[in-house]
Amino acid sequence: KNQVEQSPQSLIILEGKNCTLQCNYTVSPFSNLRWYKQDTGRGPVSLTIMTFSENTKSNGRYTATLDADTKQSSLHITASQLSDSASYICVVSGAGTYKYIFGTGTRLKVLA
Amino acid sequence: GAGVSQSPSNKVTEKGKDVELRCDPISGHTALYWYRQSLGQGLEFLIYFQGNSAPDKSGLPSDRFSAERTGGSVSTLTIQRTQQEDSAVYLCASSLGQGQFRYEQYFGPGTRLTVT
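As they're listed, the protein sequences go chains A and B. Numbered by this note's numbering, the letters in the first sequence go through residues 1 to 112 in order. Numbered by this note's numbering, the letters in the second sequence go through residues 1001 to 1116 in order.
Calculated from the structure, these hints are not laboratory results. Among the clues, some could well be false.
Distance condition first, Cα-Cα at most 20 Å in a straight line; then the derived DMTMM-like pairs of lysine to aspartate or glutamate [what the hints assert, rightly or not]: (1) A/99 with B/1056; (2) A/99 with B/1044; (3) A/99 with B/1104; (4) A/109 with A/39; (5) A/57 with B/1104.
Chain A is nowhere near these chain B residues, computed Cβ spacing over 10 Å in every case [claimed, not checked]: (6) 1004; (7) 1057; (8) 1062; (9) 1076; (10) 1078; (11) 1081; (12) 1104; (13) 1105.
Yeah, the Cβ is synthetic: ideal placement off N, Cα and C, and Gly gets one too.
Kindly produce the complete structure, drawing on both the sequences and the hints.
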């Protein structure tokens, strides 16, 4: 069964600190991997997308990495801000399909 | 331009009642998706529309769930004889077309359904 697993489930950090969120997947054949940010009461918003040939992608203070061999991805947040408090969801698509397979997310809380 | 909108934002209903959830996709987006997000769970695919037709209904959990799309635009998800396990956030997304990463899915804010 295709799965996407994320860790940790939740994380609390102080404003200004860095953090790294993890995603492991078993989806095969693999097409692409996205990281989404979901604020409370809102729909998910895409942060980055990577195909199998890409191993890093940045979007401002967000940097995603992908190791297609080990089927692992990470999202690194630099110099965290209070507005980074949200759920971060890893989403994987298989080759030849439009379907997204969603992880359960990491709930990040940034404290002042 | 306007994003994906959904209504109502919150719905509380009694067990056994029918509910209708509405999704207005981004203008010009031909593909539309419904997902369900239960507490502590990842988003679960329900159904996909291309235009007005639904080539993939495989995610609908039971025959109490149905959806339609008219005019290649607005979609309605109907849940008949609601059960407490139907309580969740129902998210709608739309994209320019279907297929892989070329067409990004844009999500609405969701409808939070509570069945009492």
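These are the hints, each one checked on the structure:
1. A/99 with B/1056: 10 Å, holds
2. A/99 with B/1044: 10 Å, holds
3. A/99 with B/1104: 12 Å, holds
4. A/109 with A/39: 11 Å, holds
5. A/57 with B/1104: With Cα atoms ~16 Å apart, residue 57 of chain A and residue 1104 of chain B stay inside 20 Å; holds.
6. 1004: Per Cβ check, residue 1004 of chain B is inside 10 Å of chain A; nearest 7 Å; violated.
7. 1057: 13 Å, holds
8. 1062: 20 Å, holds
9. 1076: With a cut-off of 10 Å, residue 1076 of chain B remains clear of chain A, as the shortest Cβ separation is near 18 Å.
10. 1078: For residue 1078 of chain B, whose nearest Cβ neighbour in chain A is about 21 Å away, the distance exceeds 10 Å, so it holds.
11. 1081: Per Cβ check, residue 1081 of chain B is outside 10 Å of chain A; nearest 27 Å; holds.
12. 1104: 6 Å, violated
13. 1105: Non-interface label fails for residue 1105 of chain B: nearest chain A Cβ at 7 Å, not farther than 10 Å.
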